[in-house]
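Asker: As you go down the protein sequences, you meet chains A and B in turn.
Quick note on numbering: this note's numbering labels position 34 of the first sequence as 61, and the sequence is numbered without any gaps.
Quick note on numbering: this note's numbering labels position 164 of the second sequence as 185, and the sequence is numbered without any gaps.
Accuracy of the hints is not assured; some may be wrong.
[Stated by the list, open to error] To be clear about the criterion: a stretch of chain B counts as covered by chain A if any three or more of its residues have a C-beta under 8 Å from a C-beta of chain A, and this derived list gives those stretches: (1) 79-85; (2) 118-125; (3) 165-173.
By construction, these hints were calculated from the structure, which means they are not laboratory data.
Just so you know, even glycine gets a beta-carbon here, dropped at the ideal spot from N, CA and C.
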Amino acid sequence: MPTIVVDVMPKAELLDPQGKATSGALDRLGHGKFHNVRIGKRFELTVDGEVTDAVIDEAKQLATEILSNSVIEDVVAITIDGTAVQL
Amino acid sequence: MTARIGVVTFPGSLDERDAQRAIRLAGAEAVALWHADHDLQGVDAIVLPGGFSYGDYLRPGAIAAVSPIMREIVDAANAGMPVLGICNGFQMLVESHLLPGGLIRNAHQQFIRRDQRITVENATTAWTNEFSRGDEIVIPLKNADGGFIADDETLKRLEGEGLVAFRYAGVNPNGSLNDIAGLTNERGNVVGLMPHPEHATEPGFGPDMPEAMRSGIDGLRFFTSAISALAARV
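Working from the sequences, and respecting the hints, build out all of it.
Answerer: Printed below as a string of C-alpha cells:
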C-alpha cells in the first residue's frame with residue numbers, strides 16, 4: 028500500500044526550544060561546528076487504494092489543517108513513496 | 022435561576038473536578054460534559070479544563086480540538102456562550118481557532134509550577150467583569166507548553182484591540198511574547214489563559230498569600246464573573 032510522508036518543521040523565525048537545547052548539548056560535547064539544530068516531525072500515512080489527485084489534495088489538507096498548526100509550524104514536504112508532491 | 026456551567030472531560034484531563042468545585046463554590050451548578058458526546062446538556066457556559074488531553078500527542082490540545090463535542094462548543098462560542106479555557110483548555114481554544122496565536126514549549130524547556138502573579142488587562146469579558154483593569158492577582162501556573170506566540174500582525178491586533186486579557190507580572194515564566202498569559206476574543210465571551218483560576222477558589226487550598234499560607238482565592242472571581250455575565254444577559 029502506498030505511503031504518504033508529511034514533514035513538518037517549526038517556523039524558522041520562532042524559537043525552537045528543543046532544537047536550542049540540543050544545539051547546546053552538541054556544543055558541550057565539542058561539536059560546536061554543528062549549530063542551529065531545529066527539530067520537526069515526520070508523519071507516515073498508509074493509504075488504502077490508489078493515490079489519485081483527490082487523495083493528494085486530501086492529504087495536503089490534512090497536512091496543513093490537522094498535522095500541523097500554521098501559526099507555529101510549516102509543512103515543508105509531502106512525498107508519496109519517495110516522490111515529492113508540489114506543495 | 023442558578024447558572025449551569027459545563028466542564029468537559031477529555032481523555033487525559035486533570036483538573037475537571039477542581040473546575041467543577043470552583044463553579045459550585047462560586048454559586049453555580051457544575052455539569053459534567055463528555056468529549057465524545059454531541060450534547061451540551063443545555064448549559065449556559067463552558068469550561069475547558071487543564072490537563073494533558075491525549076497525552077499532548079500531535080500538539081497540546083490539538084486532538085481534543087477536533088473531538089466530537091468541540092463542534093458544538095465552537096458553534097456555541099460563536100453564538101456568544103461564555104467559554105473559558107484553562108491551560109490545556111487554552112491550548113484547545115487556539116487549536117480550534119476560537120483564539121489566535123499558538124502555545125509552544127516553555128522557553129527554558131522545563132515544566133513549571135509556581136504561584137504566579139498576573140495583571141488583569143481586560144476586565145470587560147464574561148470571565149473577568151468582577152475585576153478592575155490593572156488588578157494584580159495570584160493564581161497557580163503549572164505547564165510545560167505555555168509560551169504564547171503569534172506573528173507581528175496578530176500581536177499588534179491583540180494589543181491594539183485590547184484582546185490581551187492577562188499579562189504575567191514580575192517575571193515572564195515561559196517566554197510568552199509581550200508577557201501574554203491569557204486572551205479574550207473580540208466579543209469577550211471566549212477567554213483562555215495558562216494559569217489556573219480553579220486552583221485558587223477556596224481558603225486553605227489556594228496559593229500562598231502575604232496574609233496567610235494557601236489563602237489565595239483570586240480565581241473565584243473568574244467564575245462569579247461568568248455568573249454575573251449570564252445574569253446580566255436575561
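Asker: Tell me if chain A covers the region 79-85 of chain B under the three-residue, 8 Å CB rule, please?
Answerer: holds (count 3)
Asker: Examine the region 118-125 of chain B for residues whose CB is less than 8 Å from any CB of chain A, and state whether their number is three or more.
Answerer: holds (count 4)
Asker: Verify this for me: three or more residues of the region 165-173 of chain B with a beta carbon less than 8 Å from a beta carbon of chain A.
Answerer: holds (count 4)
Hint violations for this structure: none, all hints satisfied.
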